[in-house]
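In order, the protein sequence lines correspond to chains A and B.
Using my numbering, read the first sequence as starting at 42 and increasing by one per residue.
Using my numbering, read the second sequence as starting at 3 and increasing by one per residue.
For the record, the hints were derived by calculation from the structure and aren't laboratory data.
Just so you know, these numbers come straight off a predicted model, no measurement behind them.
Keep in mind that the hints are not guaranteed to be accurate.
Distance windows between CB atoms, simulated [claimed, not checked]:
id, chain 1, residue 1, chain 2, residue 2, range
1, A, D249, B, N483, 43 to 49 Å
2, B, S213, A, T62, 36 to 42 Å
3, A, D118, B, G314, 29 to 35 Å
4, A, V247, B, G533, 32 to 38 Å
5, B, G533, A, S459, 27 to 33 Å
6, B, D215, A, I570, 39 to 45 Å
7, B, G314, A, T144, 51 to 57 Å
8, A, G514, B, N548, 21 to 27 Å
SDA-like cross-link-like pairs, simulated, lysine to any residue; straight-line CA separation at most 25 Å [claimed, not checked]:
id, chain 1, residue 1, chain 2, residue 2
9, A, K76, A, T537
10, A, K94, B, S373
11, B, K195, A, R43
12, A, K500, A, E154
13, B, K642, A, R43
14, A, K94, B, D577
15, A, K172, B, N313
16, A, K172, A, Y212
17, A, K76, A, E535
18, B, K642, B, L52
19, B, K146, B, Q90
20, B, K642, A, I49
21, B, K599, A, T534
22, A, K531, B, L578
23, A, K227, A, L487
24, B, K195, A, N52
25, A, K76, B, A93
26, A, K94, B, A598
27, A, K500, A, I49
28, A, K76, B, I609
29, A, K70, B, I609
30, A, K512, B, N549
31, A, K76, B, A89
32, B, K146, B, S373
By construction, the Cβ of each residue, glycine as well, lies at the ideal position given by its N, Cα and C atoms.
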Amino acid sequence: MRISTGQIFSNANRNMMENQTSLLDIQNKLSSGKKFTSLAEDPVGASRVVGLKRELAQLDMFQSNIDASRRRLELEDATFGDLNTAMDRMRELSLQARNNTNTDADRQAIAHELEQLVEYSAGLMNTRDAKGEYIFSGSKGTTQTYLKQDDRYTYQGDSTARNIQVSSALYTQSTDVGRDLFESIKQEPELSVTGEMAGAITGYEVTDPERYASLMRSTGDLELRVTVGTDGAVPPAVPAPEYRYSLLDSAGQPVPMAPPNNTLVKDIVFDPTDPGARQVTLNLSGITVDLMLPDNTFVDDTVASVTGEGEAYFVDTVGNPALTGSQALTDLIRDNGPLTVQVAYDPAAILPANPYTYSVLDAAGNPVTVTADSDATDDIIELNGWSVQMQGGADAYSTEFTLDIEPPQAARLRFEQSPSNVLNAVMETVEALREPVQGDQQALTLQNERVNKALVEIKTAQERIGESTSKVGSRLRTLESAEFTNIDFKLMTEGTLSAVQDLDYAEASTELAKRQLALEAAYASFAKIQELSLFDYIR
Amino acid sequence: MSSSILNIGVQALNANQTALSYVGQNIANVNTEGYTRQTVLMGTQQPPILGVEVKDIRRMTDQFLIKQVWADTSVFKSNEAYSQKIAQLDAMLVSDSTSLSSSMDSYFASMQQVVDDPLFIANRELFLAEASSLANSFNDFDSKLRGQADLVNTEIRSMTDTVNSITENIAALNVQISTMHAAGQSTNELQDKRDLLVKDLSGYVTTSVISQDGVTYNVMIGTGQPLVVGNTAARLDVRNSDADPTQLDIYMTNGSGISSQVTNQLGNGAIGGMVNYRDNVLQPTLNEVGRLAIVFSETMNEQHRKGMDLNGDMGEDLFKPLQRGEVTANLKNENLTTSAHVSFYDVQELTGSDYKFEVTGIDSFRITRLSDGQRFDASSLTEVTSADELDQSATFYEDTANGSVSISLDGMTFTLKGEAGVGDSYLIQPTRSGGQLMDTKINNPRMLALASPLRIEPATTNTGNAELTDISITSTRPNANLRTGAAELPLEIVFNAPDADGNVTYSVYMNVASGNPEIYEGMENLVYTEGEPIVIEQDDYELTFNNQPNPGDRFTVEFNTNGYSDNSNALAMSDLQNQTLVNGFSYQDTYGQLLAKVGTQASNANISYASSRSVLTASENALQSVAGVNLDEEAANLVKYQQAYSAAAQLISAYQTIFDSLISAVRR
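Just chain A, same shape as in the assembly (with noise of 0.2 Å):
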């Protein structure tokens, strides 16, 4: 084949300018010392390594969550180290109180103390972290965590912790309440009540405080109802209104009174005009409770509406429009849910058979009991006692309503236990220290009985503290296994990461001496070639 002058200058001249390019290439790579410098060498392992550097700053970022973490539990443990020193102090002070060799004036003094102890450990409860953050306080971190108020002290914060996360699927809580940690002393348990009929409730006392919590923890919220029905009397007498009061629990069901009595405290009638018969006390278990029935001008809110296609309304025993249906209508729907009644009119129908033909069905289709209708004749549909006036009418039509009732008047009673802390408790005691009692025997009993109870409630209160120390202590080792694991996922993704991105300096090395050698034999072969030349040899 023909080769020109031309191509023999260029190809080699193409030939050395490849060589000095690749020869560029791998210095620069030994230079970064990065595999790739360009997305086109290794696309997939661009997307990669962003991938990876995500993770490493994710675990960085879990690692200063476990540092934050560590140093604000570091500073629980030692306000809690603080604080059982303190209490282990009043102990001991409350203990020298007991003595009844103790004179008015040492009392005081021992009261003294105990009153820099709470002080102090109200201070340690108030504890800010470095940034000036309560650290007790939950959520309301800008809030003092107890406020002294009249010599007692009330907790201002919440109960909301903080979560922080501390590896790709752990999070743990890095605050600690107060209301958890400190709020540790129960109080006596009360009733608390609450609604329309609040005031039927005149008193209670509570008998057996372990009883009557778990009564009500059983029961849940109970509900003191009172309704007005009629006798149930028959026509042509005339029903008279009868008053009935419940006590039912949170699932509607009917209150037993204490044993051994056991009986259910469910429409238990009563008569609103004797006062006497009115004031009533329910015996329950573990707490008794005084009630003050209302009197006869009691209105019943329990009323059965009718609701539905054509004109429908309640009428009474005479025929007069009345706005309610009767007691047993209204036991009838609490016991079977909104009732559904259908009703088909013919008036083609002849007597004794009633034009009026309807079933009463309850919220699940299926049909319900009623009285039937005592006269055929009238336009009336009675339906246990009550009675609904219906259209005539020439033309034959079915129609439907609904039955349901309103909700009566009640009183709903609940279970109250104030907490109270510790520093309170031992402040009450402070005040009855400081009362003089020299001499005064039943005076001195009664004061003992307080730092005895004082005693009791510096160990619940140590217990609680002692408790929250372990929480802490077994946080701190979490946090340290999710460290260790972060460690390990870090060192496992940077040798990812390095595998991907990081170049292989032998490898390169050799390469840079082979393309070195190359571009070489490209100099050597064109010093070569360019020397021949017919011309040289022509004379």
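Once you've looked at the hints, dock chain B against the given chain A.
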């Protein structure tokens, strides 16, 4: 002319002298670009006259090889332009300092600081600074890409100018060559020049040359549009595109003054390579960055609005809301009084594609997704009856009262209002300007909404182990009750004893502080299922509890007053990093995919470049082996013609000897 030795000698001398001069021409032009070697064709004189004459000066070329070189040059130049531009983009993306993923890492790292310590103002300020810096990274990235786009446009402009001057020269040469050819003169050098010009032209556009009379070149571009016909050259010029005024289109105006758009008909060549890069690499990358910016801003905003800031107010937008895309009406549209806009109904469904909306008939339209060419017309979309139902993809709604039509597709809703003429079209670019417009909106650290707006406080008398696991705000619209303060709070959730079926039930009470709490919204005796949310529909939130409560256990739901140490919303915002929010991928994975895509395109471009270069080299070599000058060959030819010349000179000298003999024989 007689056949005397003298004459023969003289002819031989002339012929060889001519041959020598052409050998000299070849030697002299050994390094001239595009030079085709010329050989002298000698022929005998017509009998009965004896002697030699130069019949022809042959240009040693091969038309087929030349055309091959032109075609390969087009392909090579196209790949060269494309791969050079991609290499620039590649270099920009491979550097860690421009990496959007690294900026996001810093942003989320500063977010963890506020998760740890939401109250500390310095942490909040740092986070705001990082958010602002992230927005700036997006802006920078976007402006770098736009800068490249501007450069591409400038280069296209200058290339078309070059093409114009080349074609003018070709036309001029056509005239010169045909004149000289008619006069019988050698046009070899001019032909070489013309071939070289066509090769240059091929570097810019694909050319095909037809020579009807063997003398004049008629040059067509790409698909057959005539560029040079005889002595006239059409002009190329660059104008703003009708569909998208930020782009350039190339128009060709022929001799009669008629212009037509030829952007996509230029075949290969550097201009084609530039246009290819612009349309298939640069614009999609710009769109992808825009999409990432939009989804990031909107998802962060949505979560931020669910929190409570240090002033006790619900959060506002953290980033500037990017709720509109770009719509451009085609400049050729009949009706210029229509208005059109595009908004987003679900940023998580956005693709990075552009769309084209065309009015195809009086009452029919078509919308095309430009990334894959898929078309949708009224029959492939579902019609809905109100604007509220436009939150599903592939739906459309005609509002005859307002005279507008709206189409929802891939996360965006396009609305056209007014009477558009048949054939009108609109270019929809939902994500094009996301990267440019991204910005932070909050600069007051107190307005960072990191806490939960609600506090759930268990009663101190609770004995069960039910606990709250999640508070979920379900609406962030401006008139939601929690935001306007119209929410019914506090509420009390009270758990009851198990009912007849053994299910634990709960009731929700309002007006808790009064002595007479009432049932809230009929929520009485609802069945409690662990792990299923308790929905407070009016006020747009849900609460989820775990484990079992005892009867009488109660929880108070109240506004999180003074709850500034809470970090629930900050945690939720930080979790967004790992969620697949960008059409099934997380933010940083999307960025990684962008890198992989550009990398693959760059890698393919490099391969194409290398292969097209070796193809071009091979065909150039083939041409050179026919047309190139070989100095050694010319040296041999020099000797050859020199010897012939000497021999011819000897003829004359022989003639002189004969003549002298004759004269001396006759003289006496």
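Structure-based check of each hint:
1. At roughly 46 Å, the beta carbons of D249(A) and N483(B) sit within the given window of 43 to 49 Å.
2. Separation of S213(B) from T62(A) is about 40 Å and conforms to the stated range, judged on CB atoms against 36 to 42 Å.
3. Range check, D118(A) to G314(B): about 33 Å between beta-carbon atoms, so the 29 to 35 Å window is met.
4. In this structure the supplied range 32 to 38 Å holds for V247(A) paired with G533(B), their Cβ-Cβ distance being about 37 Å.
5. Checked against the given bound of 27 to 33 Å, the beta carbons of G533(B) and S459(A), roughly 32 Å apart, stay inside it.
6. The hint said 39 to 45 Å for the Cβ distance between D215(B) and I570(A), and at roughly 44 Å that hint holds.
7. Separated by about 55 Å at the C-beta atoms, G314(B) and T144(A) satisfy the suggested range of 51 to 57 Å.
8. For G514(A) paired with N548(B), a C-beta distance near 25 Å keeps the hint of 21 to 27 Å intact.
9. Restraint check: the Cα-Cα separation between K76(A) and T537(A) comes to about 13 Å, which is no more than 25 Å; the hinted pair holds.
10. A hinted pair counts as satisfied when its Cα atoms are at most 25 Å apart, and K94(A) with S373(B) does not qualify at roughly 30 Å.
11. A threshold of 25 Å between alpha carbons decides the hint, and for K195(B) with R43(A) the separation of about 23 Å falls inside it, so the pair holds.
12. At roughly 19 Å between alpha-carbon atoms, K500(A) and E154(A) fall within 25 Å of each other, so this suggested pair holds.
13. Between K642(B) and R43(A) the alpha-carbon distance is near 19 Å, which keeps this suggested pair within the 25 Å criterion.
14. Under the criterion of a C-alpha separation no larger than 25 Å, the hint pairing K94(A) with D577(B) is consistent with the structure, at around 17 Å.
15. At most 25 Å may separate the alpha-carbon atoms for a hinted pair to count; K172(A) and N313(B) meet this at roughly 19 Å.
16. Pair hint K172(A) plus Y212(A) holds up; C-alpha atoms about 23 Å apart against a cutoff of 25 Å.
17. Restraint check for K76(A) and E535(A): the C-alpha separation of about 15 Å stays at or below 25 Å, so the hint holds.
18. The suggested pairing of K642(B) with L52(B) holds, with an alpha-carbon distance near 21 Å, which does not exceed 25 Å.
19. Taking the CA atoms of K146(B) and Q90(B), the gap is about 11 Å. The hint holds against a cut of 25 Å.
20. Taking the CA atoms of K642(B) and I49(A), the gap is about 24 Å. The hint holds against a cut of 25 Å.
21. Pair hint K599(B) plus T534(A) holds up; C-alpha atoms about 24 Å apart against a cutoff of 25 Å.
22. A C-alpha spacing of about 22 Å is found between K531(A) and L578(B), which places the hinted pair at or below 25 Å, so the restraint holds.
23. For the hint linking K227(A) to L487(A), the alpha-carbon distance of about 20 Å falls within 25 Å, and the restraint holds.
24. Distance restraint check for K195(B) and N52(A): the Cα-Cα separation of roughly 23 Å lies within the 25 Å cut-off, and the hinted pair is therefore satisfied.
25. Between K76(A) and A93(B), the direct Cα distance comes to roughly 15 Å. Compliance with the 25 Å bound is thereby established for this hinted pair.
26. Between K94(A) and A598(B), the direct Cα distance comes to roughly 15 Å. Compliance with the 25 Å bound is thereby established for this hinted pair.
27. Taking the CA atoms of K500(A) and I49(A), the gap is near 102 Å; set against the 25 Å cutoff, the hint is violated.
28. For the hint pairing K76(A) with I609(B), the CA-to-CA distance comes to about 19 Å; that is within 25 Å, so the pair holds.
29. About 20 Å separates the Cα atoms of K70(A) and I609(B), which keeps this hinted pair within 25 Å; it holds.
30. Between K512(A) and N549(B), the direct Cα distance comes to roughly 21 Å. Compliance with the 25 Å bound is thereby established for this hinted pair.
31. Note on K76(A) and A89(B): the hinted pairing holds, with a Cα-Cα distance of about 17 Å set against a maximum of 25 Å.
32. At roughly 23 Å between alpha-carbon atoms, K146(B) and S373(B) fall within 25 Å of each other, so this suggested pair holds.
Checked against the numbered hints above, the structure breaks hints 10, 27 and satisfies the rest.
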